[in-house]
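**Q** Protein chains in written order, with our numbering: chain W, 1 to 115; chain U, 116 to 227.
What the hints contain is simulated information worked out from the structure, not anything from laboratory work. Be aware that a few hints might be false.
What the hints assert, rightly or not - Chain U stretches covered by chain W per the calculated footprint, using a threshold of three residues with CB under 8 angstroms from any CB of chain W: (1) 152–162; (2) 217–225.
As the list claims (entries may be wrong) - Derived Cβ-Cβ restraints for the label pairs, each shown as a range: (3) W:D71 x U:T194: 33 to 41 angstroms; (4) U:G144 x W:S7: 36 to 44 angstroms; (5) U:T171 x W:K15: 48 to 56 angstroms; (6) W:R63 x U:G218: 22 to 30 angstroms.
Stated by the list, open to error - Taking beta-carbon pairs under 7 angstroms as the criterion, some of the chain W residues facing chain U (in silico): (7) F45; (8) S48; (9) D56; (10) F90; (11) F106; (12) P108.
Because the structure is a prediction, the values reported are computed rather than measured. Cβ coordinates follow ideal geometry from the N, Cα and C atoms, glycine included.
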Amino acid sequence: AAGVIQSPRHLIKEKRETATLKCYPIPRHDTVYWYQQGPGQDPQFLISFYEKMQSDKGSIPDRFSAQQFSDYHSELNMSSLELGDSALYFCASSLGQQGPGYEQYFGPGTRLTVT
Amino acid sequence: DAKTTQPPSMDCAEGRAANLPCNHSTISGNEYVYWYRQIHSQGPQYIIHGLKNNETNEMASLIITEDRKSSTLILPHATLRDTAVYYCIVRLSSGSARQLTFGSGTQLTVLP
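One chain only, chain W, in its complex shape (with noise of 0.2 angstroms):
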């Protein structure tokens, strides 16, 4: 079965560079889902789309913006980076509002190491 994709697996910028994560939802997915997770900690939820909307939001910097397009992939973009951007960014994806059993299916993730 299809699966969440990501892009690129792994991606090393230098800081105050910008960044774009791509991230392709499983065929008729309609929601997307971005999370990041530092060294030793746990996924922490970043901004959500349903429908090309933005749904929720979390613990997004300002300095990082995402959208959702037609096709609903989504893109992470991240700008003017800091050492501490250093993370694994996940995306997820589900079909948004289909009731009790919308679980959220994970991608591998995107590596972004900021030098």
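Place chain U on chain W using the hints.
**A** Frame of chain W, contents of chain U only:
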């Protein structure tokens, strides 16, 4: 969403059942119990969820107490590949897209 409490770590012998407890004493009537796991540095993986009744699927069983204040995830025959951090998450089932709030989870180590 209700807060959950899990033991930080547990060991289990390969082939034996792994029973992972979770306390969620402040759970409300319309909140579900979800379990996810994360194998080292991989994306979290959905395991099972339930509201009141016990649930079973091909991966695990979920036992929820009658007062719904605690639950237990059971992996009936643990294998080395089940070594992971297991997260118990309580969340609403409806409304706007609901993010997952990950707590500290339980590091399950399956021993050969």
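**Q** Can you take a look at whether the region 152–162 of chain U is actually covered by chain W? Rule is 3+ residues, C-beta closer than 8 angstroms.
**A** As far as the region 152–162 of chain U goes, the hint holds, because 7 residues have Cβ atoms under 8 angstroms from chain W.
**Q** Given a hinted range of 48 to 56 angstroms, is it respected by the beta-carbon distance of T171 (chain U) and K15 (chain W)?
**A** holds (50 angstroms)
**Q** Report holds or violated for the interface hint on D56 (chain W), using the least CB-CB distance to chain U and a cut-off of 7 angstroms.
**A** holds (5 angstroms)
**Q** Would the hint on F90 (chain W) stand, with a C-beta cut-off of 7 angstroms toward chain U?
**A** holds (5 angstroms)
**Q** Does F45 (chain W) pass the interface check with chain U, least Cβ-Cβ distance below 7 angstroms?
**A** holds (4 angstroms)
**Q** Is the gap between the beta carbons of G144 (chain U) and S7 (chain W) within 36 to 44 angstroms?
**A** holds (41 angstroms)
**Q** Would the hint on P108 (chain W) stand, with a C-beta cut-off of 7 angstroms toward chain U?
**A** holds (6 angstroms)
**Q** With respect to the beta-carbon atoms only, verify the hint that R63 (chain W) and G218 (chain U) lie 22 to 30 angstroms apart.
**A** Since the Cβ atoms of R63 (chain W) and G218 (chain U) sit about 27 angstroms apart, the hinted range of 22 to 30 angstroms holds.
**Q** Holds or violated: is the Cβ of F106 (chain W) closer than 7 angstroms to a Cβ in chain U?
**A** This interface hint holds because 3 angstroms falls under the 7 angstroms limit.
**Q** Under a C-beta cut-off of less than 8 angstroms, do 3 or more residues of the region 217–225 of chain U approach chain W closely enough to confirm the stated coverage?
**A** holds (count 4)
**Q** Does the Cβ pair D71 (chain W), T194 (chain U) satisfy 33 to 41 angstroms?
**A** holds (38 angstroms)
**Q** Is the shortest C-beta separation between S48 (chain W) and chain U less than 7 angstroms?
**A** holds (5 angstroms)
Violation of the numbered hints given earlier is absent; every hint is satisfied by the structure.
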